[in-house]
Each structure stands twice: as structure tokens, then as C-alpha cells.
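Student: Take a look at the letters that make up each chain.
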Amino acid sequence: MDPEHADTTGGETAPLALKILVAGGFGVGKTTLVGAVSEIRPLRTEELLSEAGQSVDDTDGVDHKVTTTVAMDFGRITIRSGLSLYLFGTPGQDRFWFLWDELSQGALGAVVLADTRRLEDCFPAVDYFEHRHIPFVVAVNCFTGARTYGVPDVSRALDLDNGTPVVLCDARDRDSGKEVLIRLVEYAGRMHTARLLDSVG
Amino acid sequence: MTEDLTGSPHAPGSQWYDHEAGPLVRPYAVTGGRTRPGPAGVRFDLIALVSLDPAAPADDPALGPEHRALADLCRAETQSVAELAAGADLPVGVVRVLLGDLLELGRVTVSRPVPPAQLPDERILREVIAGLRAL
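First to last, the protein sequences are chains A and B. The numbering of the first sequence is full-length UniProt numbering, which starts it at 1 and goes up by one. The numbering of the second sequence is full-length UniProt numbering, which starts it at 1 and goes up by one.
The set of hints was computed from the structure by calculation and includes no laboratory data. Don't be surprised by glycine CBs; every beta carbon is placed ideally from N, CA and C. Don't take each hint at face value.
As the list claims (entries may be wrong) - DEER-style ranges, computed between Cβ atoms:
| hint | chain 1 | residue 1 | chain 2 | residue 2 | range |
| --- | --- | --- | --- | --- | --- |
| 1 | A | G145 | B | R36 | 44 to 52 Å |
| 2 | A | G145 | B | E122 | 36 to 44 Å |
| 3 | B | L105 | A | D198 | 42 to 50 Å |
| 4 | A | R190 | B | A58 | 42 to 50 Å |
| 5 | A | G163 | B | P65 | 46 to 54 Å |
| 6 | A | Q105 | B | P61 | 32 to 40 Å |
| 7 | A | F98 | B | D60 | 31 to 39 Å |
| 8 | A | N162 | B | R126 | 41 to 49 Å |
| 9 | B | A29 | A | V200 | 50 to 58 Å |
Unchecked claim - Stretch by stretch, here's where chain B covers chain A in the computed footprint (C-beta under 8 Å, at least three residues):
| hint | segment |
| --- | --- |
| 10 | 22 to 36 |
| 11 | 80 to 88 |
| 12 | 100 to 112 |
| 13 | 161 to 170 |
Put together the whole structure using the sequences plus the hints.
Tutor: See below:
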């Protein structure tokens, strides 16, 4: 470990921050969910991109560097002094995948928000976390007016791996959001234990 | 814009711009064009926690205004890199470079987040679940 980080090896006293991602299609309620459970007003941080947009931005033959800013919303929940949970809403557009890579580094797990009226919007997120073995739960945001489906229906429609939890929720509601996070942390714990057992067995 | 100034009796820079003109300084200008943190070469995670060295002087003449803004933000309490970026209204990439400077000057300490292979033990996770229930 670098000497600069020697302070983190102190064990108990070092502050610990855990990261949870909130993913899903555009307009599915990611920021709403982050805001509902966060103790701080969701903050917005910007990442400057200079090259990533190049291949996909429709600049037809215009050979110049495209500079784009991508905003990420995040919130915080303090469990106790020295232990906090950070929630990051992932950028919706697929072309920011590389940012997902950074965000998911060391993440405890992810919440994939889904809207049953356009379930396909969350396919890329489900795919992404499955392939990287990042524990995730699917939280179906029950919009008023949308037909309600049962958990098994959603699970089947998304072709989820066995055991991936599906939770029905209301992203605006704090208690509902808390429940989603609890399910995720429980599941992440189980996955982690299973992996540890696998590695020794 | 340069044409407006040609032949103007006023010195360049005497014009006023309002907030809507957007930032007048390009983001990486405050880092002197550097886009990567200095020799320490650390890439700070968004949730890396930054604490101000208790011995850091309050009005540090060695620091520029943006460095100082970051140091001030950590003064009250430990801040994550993401919070610093939001608080200082600077892009994360710029904050990383400035933090690299502060780290080298010994003004701050930065904690490394838990690597994926060493996710927190069950005790911590149980604590998190209990904490969430109690919210």
C-alpha cells in the first residue's frame, strides 16, 4: 500500500465509505430514489469528457474533439460516525459505459430501477451487473397508472439469474427506498459469503 | 470578441460578463492544464474520503484559491471526492488534480475505498442494515 494511504490501514478508526449504484433507463426515477433516502439534498457532480463522445456523437465527418459534461447525482446516508453509504445515480446514456466502470469499482452493489411499461430500458444495466458479478436487486418503480405485475413476472421477463431479488417500490417514498437498500445489502452479503466459500472450497 | 476590443479605449478585461455567460475560466486552467494528479499518481475514487491535516494552516499562502476552497470544505468534516466536486462546483477530474497537489503538500490525507475483493465483513453489513432500518 502506498505510504499516502497508510492512514487507512489503521482498522477500526479509519472512516469507511460504501458505494451503491442506482441504475436504470432514462426517467425511471433514479434521482428521485437517491433523493428519497439521502440525508443530503442530492448533489450533482460533473465529469468532463473530451474523447469518449467522439465515436457516437453524430458529427458526420467533423474531425474535432467533442467535449461533453456528464452529470452524476449522488446522495449520502450516515450509518454512524465513520461509516457512510454513498448512492450514485448512473448516467442514463449507454455511451457513458466507461463511467460505469469507474463507478462500479469497489461498489457494494447496485439497484436497477425498472418501469414495467418499458422494461427493456433496464436490460443494459441488468446485463452489465450480471457480467461483472456485481450484486444487484431489481426495484420495480410502481408508477401510478402502470399495470402492476407480480415479482415472478418481472423476474421471468428479465431472465434474471436465480436468486436475484426483485422488489416492488415507490421511488418517491423514503421507507420504500430504505427497504430496497436493505434487500440489496442483505443480498450483497449473501453473495459475498457464497463467493468466499467457493474460493476456499 | 477581440474585435470589440480593437480600438477600444478600455483595456482588455474591462468588460463585464454576467453569470449566464458561463464559466470564464476553462476548467483545467485552474490546474495549469494538468489533467492527471502529480507524481503521487493516485486516481482518487469518487468515494475516497479526504481529511484535512489538523496541522494545516488556516490561510495557507502556498495554495491557490481553488486549492483553498477544497481545503476549507474538508475543514468542517471529512468529505468524499464527489462531495468536494459538488461543493466547489468543479468537475471531478479537476478536483482530482488539485487533491493530488494537496496530498503532495501534506495538507490532506485521502483514504482508499474498500477494494472489491475485500468487501466489508458481515459485521459491517449487519450494521448497515440495522442503520438503514433505524433511519
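Student: Take the hints in turn and mark each one as holding or not.
Tutor: Each hint, compared with the structure:
Against the hinted window of 44 to 52 Å, the Cβ-Cβ separation of G145 (chain A) and R36 (chain B) comes to about 49 Å, which satisfies the hint. Taken as a hint, the range 36 to 44 Å holds for the pair G145 (chain A) and E122 (chain B), whose Cβ atoms sit roughly 41 Å apart. Evaluation of the 42 to 50 Å hint for L105 (chain B) and D198 (chain A) yields a pass: the beta carbon distance comes to about 45 Å. The given range of 42 to 50 Å is respected by R190 (chain A) and A58 (chain B), whose C-beta atoms sit roughly 48 Å from each other.
For the pair G163 (chain A) and P65 (chain B), the supplied restraint of 46 to 54 Å holds, since their beta-carbon distance comes to about 52 Å. Distance hint for Q105 (chain A) and P61 (chain B): a CB-CB separation of about 36 Å, consistent with the stated range 32 to 40 Å. For F98 (chain A) paired with D60 (chain B), a C-beta distance near 35 Å keeps the hint of 31 to 39 Å intact. Separated by about 24 Å at the C-beta atoms, N162 (chain A) and R126 (chain B) break the suggested range of 41 to 49 Å.
With their beta carbons about 53 Å apart, A29 (chain B) and V200 (chain A) fall inside the hinted range of 50 to 58 Å. Using a Cβ-Cβ cut-off of 8 Å, 0 residues of the segment 22 to 36 of chain A lie near chain B, which falls short of the minimum of three, so the contact claim is violated. For a cut-off of 8 Å, the count of residues in the segment 80 to 88 of chain A with a CB near a CB of chain B stands at 5, and the three-residue condition holds. With 6 residues bearing a CB less than 8 Å from a CB of chain B, the segment 100 to 112 of chain A meets the requirement of three and the coverage assertion stands.
Coverage of a stretch by a chain is defined here by at least three residues with a beta carbon nearer than 8 Å to that chain's beta carbons; for the segment 161 to 170 of chain A and chain B the count is 0, and the condition is violated.
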